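Asker: Using this note's numbering, the letters of the first sequence map in sequence onto residues 951 to 1455.
Simulated from the structure, these hints should not be mistaken for lab results. Note that the coordinates shown come from a computational prediction; the quantities given were computed from them, not determined experimentally. Hints should not be assumed to be uniformly reliable.
[Claimed, not checked] Listed below are the simulated EDC-like cross-link pairs for lysine to aspartate or glutamate, each with C-alpha atoms no more than 16 Å apart in a straight line:
{"#": "1", "residue 1": "1219", "residue 2": "1196"}
{"#": "2", "residue 1": "1014", "residue 2": "1246"}
{"#": "3", "residue 1": "1368", "residue 2": "1415"}
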Amino acid sequence: MEKKVRLRFAPSPTGGLHMGGVRTALFSYLFAKKHGGDFVLRIEDTDQTRYVEGAEDYIIRSLKWCGIEPNEGVGFGDGPYAPYRQSERKEQGIYKKYADQLIASGNAYHAFDTSEELDEMRKRLEAAKVIAPQYNAVTRQNMKNSLTLPEDELTKLIAGGAPYVIRLKVPRNEEIRFHDIIRGWVTVNSSQVDDKVLLKSDGMPTYHLAHIVDDIEMKITHAVRGEEWLPSAPSHILIYRYLGLEDQMPQLAHLPLILKPDGNGKLSKRDKSGLPMFPLNWHDPRDKTDYIGYKESGFMPDAFINMLALLGWNPGENREIMSKQELIENFSFERVNKSGAKFDPEKTKWFNQQYLRMQTDEQLAEAVAPLLESKGIKKDRAFIIEFCRLIKEKAHFVNEFYELGSYFFVAPAMFDEKVMAKKWNDTSKDMFTKLIAKLESLPVWDAHTLHDAFQAAQTDIGKLDMQLLRVLTTGVAGGAQLFDLLALLGKEESLNRLKNSLEKL
RNA sequence: GGCCCGUUCGUCUAGGGGUUAGGACGCGUCCCUUUCACGGACGAAACACGGGUUCGAUUCCCGUACGGGCUACCA
């Protein structure tokens, strides 16, 4: 029987979940759903020094907003492998057990070196022009560990409660070969791999040990993570091997990184592209900075997810706008790119625009009404719906609606200079005054009637410029369909605006 | 520095031993439009370089360059 597909997203609560992390979660989620599997949220809080209050809650809220919901794990209901927080699992002695097993089999050892001694060692190696200073098969022979210390001193140290770490005993010169679903076969010589710390002196496991133990115990079938983990994958292979669990090892998938839009390097939380790096607003208590979120910037979660999915993956056909369901149906790791993808703010906006247009005017009104209210604007629902209909084709975000259509709510104080300079002349005032008189007598005030009246009026008055009429009533050169806009404004407001404008000119 | 990973239009990408190298974003032109847009049409724009292999390489191999990642008792 095939094993049930199970993937996990395993962030550390060391800060706000940024969009790179969201994408990792998304790909895992899509794959799990495609194969009818489970998606688990595990919190990897083994570093107490970097723990950030509120980060875990933020991760949970972000996943919810994005619609990437685990069906098991912290914040989403415990499953059969609880607890899902590594700090809690540590309390149960889960990791120690595996570390002890590695010691017993001779594949790990105790090391008593202080951080000063480690620094010293690195300095010494650097001074000796050693190419890659690290704690390894060669250098450990000169360090304070259970491989070098005499038996009696060793027992004395341990009995005396001396702090120690447990390190993986990496062999000297061995080819380590592993398969990555995205990258294919990767080979590394073990001489390049250092003796990774598995258990820290505070008793906490490091990521290297913890994620392996948990992936095994939680029956994870596919381990998805960023490319930055590729260099430590050989260590992980060795741990699985020495634990005798190589046959249960999840398949590996290292995702390409998301790169900065301009310049080089991976995307950081301080990017200046003008778009958020976080799904939701995030206040970082450590740098005391507020980071704006996609949600608060007016993005729709499905648009955000769609954009993220296409960053490093594509369905192999010329299709870009895909619902979550379609993403699930089409997703595969084979179609994930190997190279890093630069994040494109322009295209990201375009995605949201596409989703914005798929919304009905009623749906948009729902979202826009509170935004208008916060500006002190009170209009009835019908007005706002019509406002949305007229403005949506120009907008990328709902929170642009007011700015793009402020002239619906505020009479013009100034007139677009370019248009006036080009089109306003001596006869204009007189002509528009005559137009007002014609419009005043209209029994009905809708776009169609206005259009006809405007056309008809010109046989008497002469050629009227439509853009001038626009500027006279809104102040600006561009905007919504003119007659629709006047219709929505209403007869009284429209004519008042026209009269007031003419008085000023 | 060392190790690992990568390299198709400015960006996201499709493709793959013989193609007019396709799409999307952005950009430009035109059409529609007495306004503003949407929309439509068109256009500019790419296989990093050098060697092989081959009748033929952008595609396969090797180098070089460039980019990225890692190089902690952080994840």
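Asker: If a hint holds in the structure, say so; if it does not, say that too.
Answerer: How the hints compare with the structure:
no.: 1; hint: 1219 to 1196; in the structure: violated (36 Å)
no.: 2; hint: 1014 to 1246; in the structure: holds (15 Å)
no.: 3; hint: 1368 to 1415; in the structure: holds (14 Å)
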